[in-house]
Amino acid sequence: MKRLLALTTLLATPAFAEGELKVYHWFEYIPQELVDKFTAETGIKVTIDTYDSNEAMLASLKAGKLGQYDVAVPGDYMVEIMRGEGILGEFAPEEMPNFANIDPQWLDVPFDPGRKHSIPYQWGSTAYAVNRDVYKGDIGSLSIIFDPPEELKGRINVLDSQGEVLALASLYMGIPQCSSDRAQLKALNDMLLAAKENWASFGSDIAKDVLVSGDAAAGMIYNGFAAKARAEGANVEYGFPKEGYVVWMDNVVLLKDAPNRDNALKFMNFLLDPQNAAAVTNYAAYSPGVLGATEFLDAAIKDSPENNTPAGQKGEFIQACDAETQAMYDAIWTNLKK
Amino acid sequence: MAGAAPIPETGGSDATYARLRRPLLAPTWAVIGTFLLLPVLLMVVYSFLTKEFRGGVIWDFTLAAYDQFFFDRGLFGDEPARIEWTYIMIFWRSIWQAGLATLFCLLIGFPTAWFIATRPETSRPVWLFLITIPYWVNLLIRTVSLRFILRDQGPMNDALIGMGLIDQPLALLNTNLAVQLGLFYSYLPFMVLPIYAAVERYNFALSEAAADLGANRWRTLVEVVLPVVRPGIVAGCILVFVPALGAFLAPDLLGGAKTFMIGSLIDEQFRGSQGNWPFGAAVSVILMTLVLIVLMIQARAATRAER
Numbered sequence: 001m002k003r004l005l006a007l008t009t010l011l012a013t014p015a016f017a018e019g020e021l022k023v024y025h026w027f028e029y030i031p032q033e034l035v036d037k038f039t040a041e042t043g044i045k046v047t048i049d050t051y052d053s054n055e056a057m058l059a060s061l062k063a064g065k066l067g068q069y070d071v072a073v074p075g076d077y078m079v080e081i082m083r084g085e086g087i088l089g090e091f092a093p094e095e096m097p098n099f100a101n102i103d104p105q106w107l108d109v110p111f112d113p114g115r116k117h118s119i120p121y122q123w124g125s126t127a128y129a130v131n132r133d134v135y136k137g138d139i140g141s142l143s144i145i146f147d148p149p150e151e152l153k154g155r156i157n158v159l160d161s162q163g164e165v166l167a168l169a170s171l172y173m174g175i176p177q178c179s180s181d182r183a184q185l186k187a188l189n190d191m192l193l194a195a196k197e198n199w200a201s202f203g204s205d206i207a208k209d210v211l212v213s214g215d216a217a218a219g220m221i222y223n224g225f226a227a228k229a230r231a232e233g234a235n236v237e238y239g240f241p242k243e244g245y246v247v248w249m250d251n252v253v254l255l256k257d258a259p260n261r262d263n264a265l266k267f268m269n270f271l272l273d274p275q276n277a278a279a280v281t282n283y284a285a286y287s288p289g290v291l292g293a294t295e296f297l298d299a300a301i302k303d304s305p306e307n308n309t310p311a312g313q314k315g316e317f318i319q320a321c322d323a324e325t326q327a328m329y330d331a332i333w334t335n336l337k338k
Numbered sequence: 001m002a003g004a005a006p007i008p009e010t011g012g013s014d015a016t017y018a019r020l021r022r023p024l025l026a027p028t029w030a031v032i033g034t035f036l037l038l039p040v041l042l043m044v045v046y047s048f049l050t051k052e053f054r055g056g057v058i059w060d061f062t063l064a065a066y067d068q069f070f071f072d073r074g075l076f077g078d079e080p081a082r083i084e085w086t087y088i089m090i091f092w093r094s095i096w097q098a099g100l101a102t103l104f105c106l107l108i109g110f111p112t113a114w115f116i117a118t119r120p121e122t123s124r125p126v127w128l129f130l131i132t133i134p135y136w137v138n139l140l141i142r143t144v145s146l147r148f149i150l151r152d153q154g155p156m157n158d159a160l161i162g163m164g165l166i167d168q169p170l171a172l173l174n175t176n177l178a179v180q181l182g183l184f185y186s187y188l189p190f191m192v193l194p195i196y197a198a199v200e201r202y203n204f205a206l207s208e209a210a211a212d213l214g215a216n217r218w219r220t221l222v223e224v225v226l227p228v229v230r231p232g233i234v235a236g237c238i239l240v241f242v243p244a245l246g247a248f249l250a251p252d253l254l255g256g257a258k259t260f261m262i263g264s265l266i267d268e269q270f271r272g273s274q275g276n277w278p279f280g281a282a283v284s285v286i287l288m289t290l291v292l293i294v295l296m297i298q299a300r301a302a303t304r305a306e307r
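Protein sequence lines correspond, in order, to chains A and B. So for the first sequence, my numbering puts the first residue at 1; every next one is plus one. So for the second sequence, my numbering puts the first residue at 1; every next one is plus one.
Any given hint could be a false lead.
Stated by the list, open to error - Calculated lysine-lysine pairs in the DSSO-like style (CA-CA distance at most 30 Å, straight line):
1) A:228 with B:258
2) A:65 with B:258
3) A:62 with A:266
4) A:338 with B:258
Claimed, not checked - So the derived label-pair ranges between C-beta atoms look like this:
5) B:161 with A:113: 34 to 44 Å
6) B:289 with A:182: 32 to 42 Å
7) B:88 with A:233: 41 to 51 Å
8) B:35 with A:40: 27 to 37 Å
9) B:71 with A:85: 43 to 53 Å
10) B:297 with A:322: 42 to 52 Å
11) A:291 with B:156: 52 to 62 Å
12) A:174 with B:71: 45 to 55 Å
13) A:335 with B:22: 53 to 63 Å
14) B:73 with A:19: 41 to 51 Å
15) B:83 with A:190: 21 to 31 Å
16) A:262 with B:149: 38 to 48 Å
17) A:174 with B:149: 53 to 63 Å
FYI, nobody ran anything at the bench for these hints, they're computed from the structure. For glycine and all other residues, C-beta sits at the position ideal for the given N, C-alpha and C.
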């Protein structure tokens, strides 16, 4: 009996000698089965602590948690901030056999050129959705939001988020993000003030609900929200504007002073396996940044129009401007909402 | 009639009380110090610090936050300083909305309180209970519900159209009117309850005396009732005006967040990486100063009236 017990313990906790891995992650963003699979394959015991915002994660790491975690999952702009703070570890592509699986379009990203600190986790886009019962015309341009057709005037919800609104407005006007050209900024400011006349409300949390309830006939929205609005019965179509749309991406980063660096790289390598990347996507319903993951996706996600960006149209990350430039964009935002 | 019972000996001298006063007050002071004085002090100090890029503060003292509030240096920050009207207008709009809400609360709240206070003593608790019931529900949920009621295809418009009063739905949602309705509704009981407490203590024999002396109803109300219940009215007005001034749920959810009110302006400064903590703190300090001035004027007027 005793021997049997010993045997089961041995089986249940395979090879403790392989050590452990400390993950700092968003809440409810990785399926438990996938974590169990990693442990079963490598014998590495995974501990996950969670956070609910990029800023909270950064603050906690800076307040002394650095050196306790191996990996974290910051959003695109936060990777750049963390890189600037010097709290990311570095790796070479050769250290990760699956590195080649990264979709080439996510390899040379502006926040981590050449992917020395991070790998893609999930990504999505931000553009707009339009109620097709109200407006049946072309929805392929950001003018839907910034110079709307008659049917949509006064029935538009805009995200209450400076970054997304100003980035999409810049794309619409064809001016670079973080421009410090006065004429361009002045034009951006004036265009937004004129566009506001046609907007009903600003709201991020309500972005999906106003489309479902009919309070708004069009709205700036995240692609995941648009898919949910459609699933809830609203006749909405998500548009990919020709001027470009905003993309966001969460990334797994290697942290500086990681106590289990080797295990962290094993974990990142594991997540770059197409089947595992697809498992995360099936759980979170965004998009994987890994080649070959598509065939493992659930049909509902694979065929979702919101998740399938048309070829040839570009997405842009929201850029983190320097302090001086940012102050001007802050002023434009305050102008818009005063 | 039996004589009043003698006041029992308390068995303690003034000295005993004096000795006990401090230890007995200590918990109160600890709570006030930790949860009131310290945060306010922190807020004042932060308003003089330098903004750290992407949230947080740098411990360099500066007046930059107040400068930003009062002076406009153009979109690019290098024009000669003019008076900045943006934030003053935001304050004015908030004061106007809060003042209107206070007025409406008073117009509805006073008769309500009067009605309750003049019911038989046994049924008053029931009326009070009915007033407070909706307020057991979280403010956020009540505000969202109001959104549902007011929307174009909502029950209120359906009912009005059904009754044939209007042909087109009223576009109420995302307007200042909706914000006003939200503020009024949110803070109504804060007006009713203090006025009720004052009216309940009112000696109705005074009204009878006024009537006997030939005063009509209006004169009785203005010259007899109102002066007596005035403290309740003032307390009610303060309890409605002050929170309405800093409200941000109603402007955000009912007004569509299209224009800043003081509350949403401050809220914005502490959100995400684009926040500006010192500026948020400075706006709070300015708001608190304004409220204190109002309260001080009121207190002085009250003491003068007593004299």
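To see whether the hints hold, each was checked on the structure:
A C-alpha spacing of about 25 Å is found between residue 228 of chain A and residue 258 of chain B, which places the hinted pair at or below 30 Å, so the restraint holds. Restraint check for residue 65 of chain A and residue 258 of chain B: not satisfied, since their Cα atoms lie roughly 39 Å apart, outside the 30 Å limit. The straight-line distance between the Cα atoms of residue 62 of chain A and residue 266 of chain A is roughly 25 Å, inside the 30 Å bound, and the hint therefore holds. A C-alpha spacing of about 8 Å is found between residue 338 of chain A and residue 258 of chain B, which places the hinted pair at or below 30 Å, so the restraint holds.
The supplied range of 34 to 44 Å is broken by residue 161 of chain B and residue 113 of chain A, whose beta-carbon atoms lie about 59 Å from each other. Take residue 289 of chain B and residue 182 of chain A: their Cβ atoms lie about 36 Å apart, and the range 32 to 42 Å holds. At roughly 46 Å, the beta-carbon separation of residue 88 of chain B and residue 233 of chain A lies within the given 41 to 51 Å, and the hint holds. Between residue 35 of chain B and residue 40 of chain A the Cβ separation comes to about 49 Å, which falls outside the hinted range of 27 to 37 Å.
Taking 43 to 53 Å as the suggested C-beta distance range, the pair residue 71 of chain B and residue 85 of chain A does not conform, at roughly 33 Å. Remark: the range hint 42 to 52 Å for residue 297 of chain B to residue 322 of chain A is upheld by a beta-carbon distance near 46 Å. A C-beta distance of roughly 54 Å is found between residue 291 of chain A and residue 156 of chain B, which places it inside the suggested range of 52 to 62 Å. Look at residue 174 of chain A against residue 71 of chain B: about 33 Å separates their beta carbons, and that is not inside 45 to 55 Å.
Checked against the hint of 53 to 63 Å, the pair residue 335 of chain A and residue 22 of chain B passes, with Cβ atoms roughly 54 Å apart. For the pair residue 73 of chain B and residue 19 of chain A, the supplied restraint of 41 to 51 Å is violated, since their beta-carbon distance comes to about 57 Å. A beta carbon spacing of about 22 Å between residue 83 of chain B and residue 190 of chain A agrees with the range 21 to 31 Å that was offered as a hint. The beta-carbon spacing between residue 262 of chain A and residue 149 of chain B, approximately 59 Å, falls outside the hinted interval of 38 to 48 Å.
With their beta carbons about 43 Å apart, residue 174 of chain A and residue 149 of chain B fall outside the hinted range of 53 to 63 Å.
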